[in-house]
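Engineer: The chain contents come next:
Number of protein chains: 2
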Amino acid sequence: MFELLAYDRESKARRARLTTAHGIIDTPAFMPVGTQGSVKGVSPRELRELDAQIILGNTYHLFVRPGLDVIKHFGGLHNFMNWDGPILTDSGGYQIFSLAKLRKITEDGVEFQNHIDGARAFISPEIAMEIQAALGGDIVMALDECVPYPCEYDYAAQSAEMTTRWAKRCKAVASAVFSGESSTRSSRAPDALGTAHTTARQLLFGIVQGSTFEDLRKQSAQAIAELDFDGYAIGGVSVGEPEEEMMRAVEAAEPFSPGDKPRYAMGLGTPPQLLEMIARGMDMFDCVLPTRLARNGTAFTDTGTLNLKNAEFALDKRPIEENCTCDACREFSRGYIRHLIKAEEILGLRLITLHNLHFYLNLMNRARIEIERGTFDQFRKAFVADYKTREAMRVE
Amino acid sequence: MFELLAYDRESKARRARLTTAHGIIDTPAFMPVGTQGSVKGVSPRELRELDAQIILGNTYHLFVRPGLDVIKHFGGLHNFMNWDGPILTDSGGYQIFSLAKLRKITEDGVEFQNHIDGARAFISPEIAMEIQAALGGDIVMALDECVPYPCEYDYAAQSAEMTTRWAKRCKAVASAVFSGESSTRSSRAPDALGTAHTTARQLLFGIVQGSTFEDLRKQSAQAIAELDFDGYAIGGVSVGEPEEEMMRAVEAAEPFSPGDKPRYAMGLGTPPQLLEMIARGMDMFDCVLPTRLARNGTAFTDTGTLNLKNAEFALDKRPIEENCTCDACREFSRGYIRHLIKAEEILGLRLITLHNLHFYLNLMNRARIEIERGTFDQFRKAFVADYKTREAMRVE
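Heads up: the protein sequence lines correspond to chains E and C, in order. Straight run, no breaks: the first sequence in my numbering ends on number 396. Straight run, no breaks: the second sequence in my numbering ends on number 1396.
No lab work stands behind these hints, which were simulated from the structure alone. For every residue, glycine included, the Cβ atom is placed at its ideal position computed from N, Cα and C. Please note that a few of the clues may not be correct.
[Unchecked claim] Distance condition first, Cα-Cα at most 25 Å in a straight line; then the derived BS3-like pairs of lysine-lysine:
no. : chain 1 : residue 1 : chain 2 : residue 2
1   : E       : Lys342    : C       : Lys1101
2   : C       : Lys1317   : E       : Lys72
3   : C       : Lys1072   : E       : Lys342
4   : C       : Lys1168   : C       : Lys1104
[Stated by the list, open to error] Distance windows between CB atoms, simulated:
no. : chain 1 : residue 1 : chain 2 : residue 2 : range
5   : E       : Glu344    : C       : Ala1314   : 28 to 36 Å
6   : C       : Pro1242   : E       : Gly118    : 44 to 52 Å
7   : E       : Asp386    : C       : Glu1331   : 39 to 47 Å
8   : E       : Gly259    : C       : Gly1075   : 34 to 42 Å
9   : E       : Glu322    : C       : Glu1331   : 31 to 39 Å
10  : C       : Ala1176   : E       : Ala382    : 56 to 64 Å
Produce the entire structure from the sequences given, and follow the hints as far as they go.
Structural biologist: Written out as structure tokens, the structure reads:
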């Protein structure tokens, strides 16, 4: 169930609430990325304290290691990692196309060798659904081909059409399961189902592709919308294209992605990009920046990023960000955190990770409040201008 | 103040309580090692939740990085790292002798190049005291020379005598400070004092050396005891010598280390070794094993260590140790932790570190209770026998 609670008058931003088997997600929402069954550097308890309402699990990584048998043995990903809130699993496609080796893509699916031990595997739309059923996520994604940037028009067009046919096959699997016609699936992988996930319905999102071509984005969005998913994702963005191209790709797809369903802009982005995406009607986001940059000593603030490795912070008694309510800012100084990062102490990256996740989650909370108040557009413009100006000054 | 609360009748074990400027330490006590201003992998909040009553800070590491100026700027180590419980700082000697390069030891002190950037530095007994005054630890250690194993008798004898002379100079600095005659120190390093630590008295412990030679251990213990310290440490143990030699070194020194003061066996050891040391009259311990082995996937249990990387744990739904009350054991399975370690996820080493520190701290708590009950010796014998037997079986 997706309840729309408020709209912004100046933009396409909306405030809504998505109900899943493991709880409610207030949107716009940010989903911390739990790549291998752990959001890097933080514990499930810390995620709860950060008020994270949903996390993302990467199907490809979990499929490769520890493997499906292990996760099924533990009764699904929630039990395995001790996270009882909502989980969204991706289809595995993105990592197959970015990490795996010796890929062979056919209409049937993708054959590949994983990047850990080189073992061969094959994933089809049906298998992607079965794997995600076994993981037991609350939201699962259709298998898509994510083309790189830049991409030739003809390839992007053919690929987007195949992604639509794959989406149709994923939808068919989900429909069969929820109407009880699971016999065809059972013959394929008798053990994949039948665990924790069978009691509650998994929401299935389709994915719009089309690279940077507006007409392809439009066609893909229309075709995916016709399949009637529980939500609509925009994939193939933030893959190296200029920010303007990314915005245009989303703008092209958005009008054809049903407004009464959640819209998920995949794999992005910076804080200003998230607000710009919200203004363009997007509701959900996932991004590794807060955790990945933290491990390099980079912290997010309202006025851009700080690299805490810099010598200027050695004697700085201030928190990462004044008035921030995260544990790292309430208890520790920039100078101490700088020391930890320079000395390669794990606590350093833990503290910046906590702060950065708090920053992203809190930015979504602020966006929700501003939408409710009818002041989102001013907030977005002021935030983006201030962030970009000061970030630029800092980089000089 | 050191209050002796109970003695074991079958051994030299005692249960006591040491009062410091930042709080009480119940002994026998284990001190987690905060090498570079952070106990590796855990936060101060987690240390408090683990009921750690005191942590150790390594003077050498902090002197090299971030450097004294930084820590003084933040008002001492407690403020810098946000730990308001007791801290013991070592003298820096051990790391100078084990990590630094191009050491030149003279009667005056040690010249060395640090292992990080090769910068030259000189530490004398007086300077070691000044550095520790600036760090602001509740317990500080006299500068000693820690000789390697094996060590020739003549060198060990001369070194132990010099360590005694250095101890006398450290004691003289402390006596001057607390009688107000700090003019000689101020002339050496005017900024070293005058911060957080001046309000409360720092306890100063002397260190017994003498390598593996019983007569030298006895002579060193007698000479150090004559200087009247607040506590007595046994150094130069657990440096590669056989366990029997270590036990004999401690047994030789103990009768000459005043019984009304805390006794600290430095830098050890395994869980059975700690209980054996308690039975030999030792009160305080520090050791990197719980944190260091955790980073390698090794967990401590009553029946020996488990290497959680082993394939046998992949499907193991049990906690690291049944009935353990630590957060790692209450919330996570061996199988999940194994996955995290194999996937090099930080949460894996965090969880094992938490468990291992809990194990060591709880072992001391159990020892204290057994001493109070008059059942320590049975407890020790049963624990040691079971631990060693099962550990041996596991290794086979």
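Engineer: Each hint needs a verdict: does it hold in this structure or not?
Structural biologist: Each hint, compared with the structure:
no. : hint                                : result
1   : E/Lys342 with C/Lys1101             : holds (21 Å)
2   : C/Lys1317 with E/Lys72              : holds (12 Å)
3   : C/Lys1072 with E/Lys342             : holds (18 Å)
4   : C/Lys1168 with C/Lys1104            : holds (21 Å)
5   : E/Glu344 with C/Ala1314: 28 to 36 Å : holds (30 Å)
6   : C/Pro1242 with E/Gly118: 44 to 52 Å : holds (45 Å)
7   : E/Asp386 with C/Glu1331: 39 to 47 Å : holds (40 Å)
8   : E/Gly259 with C/Gly1075: 34 to 42 Å : violated (56 Å)
9   : E/Glu322 with C/Glu1331: 31 to 39 Å : holds (34 Å)
10  : C/Ala1176 with E/Ala382: 56 to 64 Å : holds (60 Å)
Hint 8 from the earlier list is the only one contradicted by this structure; the remaining hints agree with it.
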